[in-house]
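Chains A and B are the protein sequences, given in the same order. Quick note on numbering: the first sequence equals residues 29 to 138 in our numbering. Quick note on numbering: the second sequence equals residues 315 to 424 in our numbering.
Worth flagging that the hints you see were computed from the coordinates, not collected in a lab. Since the model is a prediction, treat every value here as computed from it, not as a measurement. Glycine included, every Cβ here is placed at the ideal spot set by N, Cα and C. Among the clues, some could well be false.
[Stated by the list, open to error] Ranges between beta-carbon positions, derived for each pair: (1) G330(B) - S80(A): 46 to 56 Å; (2) Q355(B) - R88(A): 34 to 44 Å; (3) V424(B) - S96(A): 26 to 36 Å; (4) K137(A) - E368(B): 43 to 53 Å; (5) D376(B) - S40(A): 21 to 31 Å; (6) E368(B) - E43(A): 40 to 50 Å; (7) P38(A) - V424(B): 28 to 38 Å; (8) K137(A) - G354(B): 15 to 25 Å; (9) R371(B) - P38(A): 27 to 37 Å; (10) G354(B) - D94(A): 39 to 49 Å.
[Stated by the list, open to error] With a Cα cut of at most 25 Å, we get these calculated PhoX-like pairs of lysine-lysine: (11) K95(A) - K30(A); (12) K327(B) - K70(A); (13) K98(A) - K125(A); (14) K30(A) - K137(A); (15) K95(A) - K70(A); (16) K340(B) - K125(A); (17) K30(A) - K340(B).
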Amino acid sequence: QKEVEQDPGPLSVPEGAIVSLNCTYSNSAFQYFMWYRQYSRKGPELLMYTYSSGNKEDGRFTAQVDKSSKYISLFIRDSQPSDSATYLCAMNTGGFKTIFGAGTRLFVKA
Amino acid sequence: DAGVTQSPTHLIKTRGQQVTLRCSPKSGHDTVSWYQQALGQGPQFIFQYYEEEERQRGNFPDRFSGHQFPNYSSELNVNALLLGDSALYLCASRANYGYTFGSGTRLTVV
Numbered sequence: 029q030k031e032v033e034q035d036p037g038p039l040s041v042p043e044g045a046i047v048s049l050n051c052t053y054s055n056s057a058f059q060y061f062m063w064y065r066q067y068s069r070k071g072p073e074l075l076m077y078t079y080s081s082g083n084k085e086d087g088r089f090t091a092q093v094d095k096s097s098k099y100i101s102l103f104i105r106d107s108q109p110s111d112s113a114t115y116l117c118a119m120n121t122g123g124f125k126t127i128f129g130a131g132t133r134l135f136v137k138a
Numbered sequence: 315d316a317g318v319t320q321s322p323t324h325l326i327k328t329r330g331q332q333v334t335l336r337c338s339p340k341s342g343h344d345t346v347s348w349y350q351q352a353l354g355q356g357p358q359f360i361f362q363y364y365e366e367e368e369r370q371r372g373n374f375p376d377r378f379s380g381h382q383f384p385n386y387s388s389e390l391n392v393n394a395l396l397l398g399d400s401a402l403y404l405c406a407s408r409a410n411y412g413y414t415f416g417s418g419t420r421l422t423v424v
């Protein structure tokens, strides 16, 4: 079993839809949770960073962490074609090593 | 302010050869991590350098080695290349929260 599981998709939604992206994990020692966006032929770009459980909102993006269920989510409101990318969840225990999910490919249709 | 820069952007090598990839971290960042990202997968942690020393290593063989210089730039060396080493190699420098990634070096082993 992988430490971090993420549905690879692809996920296709119409413009303006609310997008929900999710990851589950097995290591209860994870304390820091991140979401990255990766466009084709580019490196990942940090979108959201959350410590421990709870919600965090930044513009159209909301990150949720439920440590009791070992489940994290990223919500994108009013999705735009420019949001089409691969979304990677990532987490670590506070040390140097960050574990990434496999990424979910998102397509937002105009 | 330049972000993380990597060179070269693309590289084709033959099995058994050796390769050196280079990374300059974002200004002010002193910690550099290297990741391998196979097609359709999330980045896999190779190792991290801080104060010119390898601080932590992922599940990669000794064929993968690195170095960090006094100016914080870093090199990733891979010896005895295998076809399975074909991937996008990402360098990331550590910010207060999360990492800033470069655009990567696409290595193809033939």
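Checked hints:
A beta carbon spacing of about 47 Å between G330(B) and S80(A) agrees with the range 46 to 56 Å that was offered as a hint. Range check, Q355(B) to R88(A): Cβ separation about 27 Å, and the 34 to 44 Å hint is violated. For the pair V424(B) and S96(A), the beta carbons lie near 49 Å from each other, so the given range of 26 to 36 Å is not met. Checked against the given bound of 43 to 53 Å, the beta carbons of K137(A) and E368(B), roughly 45 Å apart, stay inside it.
Taking 21 to 31 Å as the suggested C-beta distance range, the pair D376(B) and S40(A) does not conform, at roughly 43 Å. Separation of E368(B) from E43(A) is about 46 Å and conforms to the stated range, judged on CB atoms against 40 to 50 Å. For the hinted restraint 28 to 38 Å between P38(A) and V424(B), the CB-CB distance of approximately 29 Å keeps it satisfied. At roughly 22 Å, the beta carbons of K137(A) and G354(B) sit within the given window of 15 to 25 Å.
Range check, R371(B) to P38(A): about 33 Å between beta-carbon atoms, so the 27 to 37 Å window is met. Checked against the given bound of 39 to 49 Å, the beta carbons of G354(B) and D94(A), roughly 27 Å apart, lie outside it. Of the supplied pair hints, the one linking K95(A) and K30(A) holds, its CA atoms being roughly 17 Å apart against a limit of 25 Å. With a CA separation close to 21 Å, the supplied pair K327(B) and K70(A) stays within the 25 Å bound.
Pair hint K98(A) plus K125(A) holds up; C-alpha atoms about 18 Å apart against a cutoff of 25 Å. A C-alpha spacing of about 31 Å is found between K30(A) and K137(A), which places the hinted pair above 25 Å, so the restraint is violated. Note on K95(A) and K70(A): the hinted pairing is violated, with a Cα-Cα distance of about 31 Å set against a maximum of 25 Å. Distance restraint check for K340(B) and K125(A): the Cα-Cα separation of roughly 19 Å lies within the 25 Å cut-off, and the hinted pair is therefore satisfied.
For the proposed pair K30(A) and K340(B), the alpha carbon gap of about 31 Å is over 25 Å, so the pair is violated.
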